[in-house]
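Number of protein chains: 2
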Amino acid sequence: MTDPRISIVNERMKGIHKIVAVSSGKGGVGKSLIASTLALILANKGYKVGLFDLDFTSPSTHIILGIEGITPKEEKGIVPPEAHGLKYLSITYYSRDHASPLRGADVSNALIELLSVTKWGNLDCLVLDMPPGIGDATLDLIRLVKGIEFLIVTTPSQLAFETVRKLAILLKALKIPIIGIVENMKMNDGRTIRRQTENLGLNFLGEIPFDPRVEESIGNTNKLLTTAMAENAKAIVSAIWSNSPPNGGA
Amino acid sequence: MTDPRISIVNERMKGIHKIVAVSSGKGGVGKSLIASTLALILANKGYKVGLFDLDFTSPSTHIILGIEGITPKEEKGIVPPEAHGLKYLSITYYSRDHASPLRGADVSNALIELLSVTKWGNLDCLVLDMPPGIGDATLDLIRLVKGIEFLIVTTPSQLAFETVRKLAILLKALKIPIIGIVENMKMNDGRTIRRQTENLGLNFLGEIPFDPRVEESIGNTNKLLTTAMAENAKAIVSAIWSNSPPNGGA
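Protein chains in written order, with the numbering used here: chain S, 94 to 343; chain W, 94 to 343.
Bound-form chain S, shown alone (with noise of 0.2 Å):
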């Protein structure tokens, strides 16, 4: 038997034509920052973006992005408010931003039911900020949301892309796409992230270096997409598009 909730899920979801859920082995690798500059840099060009934080682990995106104030509207379901030209949604908004100790299963029904309620409309781009590593909530999310394509970040260190190696065997095993690999807060030239990339015959989308001014910019998203982080992201999405452009927007 079919379970009934993907039907729904699929049912809210069918006006966004991607969605690219930026995912990594461990927590700490800037996936947050990652996933908050693309959704920016794709609304910039005129598309139509959503990003939903769905990190319950350690949900950042509203303090990146500076999102204050806001709040989603209940219109038979949930209608994300819109900030800096994106709609935005995160978990935060329902564990109120305080300690959260949820079971797994807890966290998993209420993942299950924001994507239940969620209207989204038309979107050319849902970027979700995924929590880290392989837990129930990512399994679940890949069981629900068809079309789920993966964009993994790592750092340059070892004990990073020990874990990006599970996530992505784990992904193939799935059949679940995987865009590829961003290298984040890189510090010197080495190859090492990009060659063990290639052998796992995943794509090795760019490199960003480390930029202390990213920490500097967090809430203020103009100057965010000022820093080299952000520069280095713009050629990343360009690679991401080139495969598959969303139909709308500019």
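Accuracy of the hints is not assured; some may be wrong.
Any copy will do: because identical chains look the same in the list, a pair fits if it lies in one copy or spans two.
Said to hold, decoys possible - Lysine-lysine pairs mimicking DSBU-like chemistry, simulated, CA-CA at most 30 Å apart:
| no. | residue 1 | residue 2 |
| --- | --- | --- |
| 1 | K166 | K259 |
| 2 | K138 | K327 |
| 3 | K107 | K268 |
| 4 | K327 | K268 |
| 5 | K259 | K316 |
| 6 | K239 | K265 |
| 7 | K316 | K166 |
| 8 | K279 | K166 |
| 9 | K169 | K265 |
| 10 | K279 | K327 |
| 11 | K279 | K316 |
| 12 | K107 | K169 |
| 13 | K268 | K169 |
| 14 | K169 | K212 |
| 15 | K239 | K212 |
| 16 | K259 | K327 |
| 17 | K327 | K107 |
| 18 | K268 | K239 |
Since the hints were made in silico from the structure, they are not lab data. Just so it is clear, the structure is predicted and the values come from calculations on it, not from any experiment.
Take the given structure of chain S and dock chain W to it, following the hints.
Same frame as chain S, now just chain W:
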């Protein structure tokens, strides 16, 4: 009714003088490196030390310590093997180092099973490398392991500290002792984390500078102990021990 496993786990762990759970609000802050380094420093001082890697989200202490080719013995329970003067056990021995998409409840059951059957014997200190954040496993460990004390690792990033704040508030609400907070990967002399830690009413245990040599030292404990990271970790060990030194050892 009390969970019967609580008494089993505590019977198994009764020979351990001090249980230090090295935790973080999010991944990627250096938690596993600091847990491994603290355990090595204590063992080098002559204490009887165990290191238990419970971070099923990205087990990495075996990579950091370069531990290969040793396996736990089964003798009416699990006997942790020795490596680098430590009694060492990792969840990775039981997930076989490949992608393990266990559901939250399964992870919890596996951790509890491991705690129930592992024979640590007498230890001055057991260092737990915890999963980051507040998940099922952390909640179960808090519930099951009497006398557990938390050492929380953060980076200077506000994004990391916001997740620490949530963890600290939860631990305080549950009346779990917090030894203090360590600020890792410092790149400048900012005092924001120190101030925010003190505002939470917690001990600021010290700063560890970002040290690019750490990445090169992964898998080589002798080299690891010569890094600036390890030098600073020694001062933190003294700070931890000054209030409650282990009984045995040097």
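These are the hints, each one checked on the structure:
Taking CA atoms no more than 30 Å apart as the test, K166 paired with K259 passes between copies only; the shortest distance there is 27 Å, against 38 Å inside one copy. Taking CA atoms no more than 30 Å apart as the test, K138 paired with K327 passes inside one copy only; the shortest distance there is 10 Å, against 51 Å between copies. Proximity of K107 to K268 under the C-alpha cut-off of 30 Å is restricted to the intra-copy arrangement: shortest distance 21 Å within a copy versus 47 Å between copies. Proximity of K327 to K268 under the C-alpha cut-off of 30 Å is restricted to the intra-copy arrangement: shortest distance 28 Å within a copy versus 47 Å between copies.
In this assembly of identical chains, the alpha carbons of K259 and K316 lie at most 30 Å apart only when taken from different copies (27 Å versus 35 Å within one copy). Proximity of K239 to K265 under the C-alpha cut-off of 30 Å is restricted to the intra-copy arrangement: shortest distance 15 Å within a copy versus 41 Å between copies. Within a single copy, K316 and K166 get their C-alpha atoms as close as 29 Å, which meets the 30 Å cut-off; across copies the closest is 56 Å, which misses it. With identical chains, the CA atoms of K279 and K166 are never at most 30 Å apart, being 40 Å at best within one copy and 41 Å at best between copies.
Taking the closest pair of Cα atoms, K169 and K265 never come within 30 Å of each other, the shortest separation being 37 Å inside a single copy and 39 Å across copies. In this homomeric assembly, K279 and K327 come within 30 Å of each other (Cα to Cα) both inside a single copy, at 16 Å, and across copies, at 28 Å. Taking the closest pair of Cα atoms, K279 and K316 come within 30 Å of each other both inside a single copy (20 Å) and across two copies (22 Å). Within a single copy, K107 and K169 get their C-alpha atoms as close as 17 Å, which meets the 30 Å cut-off; across copies the closest is 56 Å, which misses it.
Within a single copy, K268 and K169 get their C-alpha atoms no closer than 34 Å, and across copies no closer than 42 Å, so neither meets the 30 Å cut-off. For the homomeric pair K169 and K212, the shortest alpha-carbon distance inside one copy (9 Å) is at most 30 Å, but the shortest distance between copies (56 Å) is not. Taking the shortest Cα distances, K239 and K212 sit within 30 Å of each other inside one copy (16 Å), while across copies they are farther apart (46 Å). In this assembly of identical chains, K259 and K327 lie within 30 Å of each other by CA distance solely inside one copy; the values are 27 Å within and 33 Å between copies.
Within a single copy, K327 and K107 get their C-alpha atoms as close as 27 Å, which meets the 30 Å cut-off; across copies the closest is 56 Å, which misses it. Only within a single protomer do K268 and K239 lie at most 30 Å apart by alpha-carbon distance; the minimum there is 12 Å, versus 44 Å between protomers.
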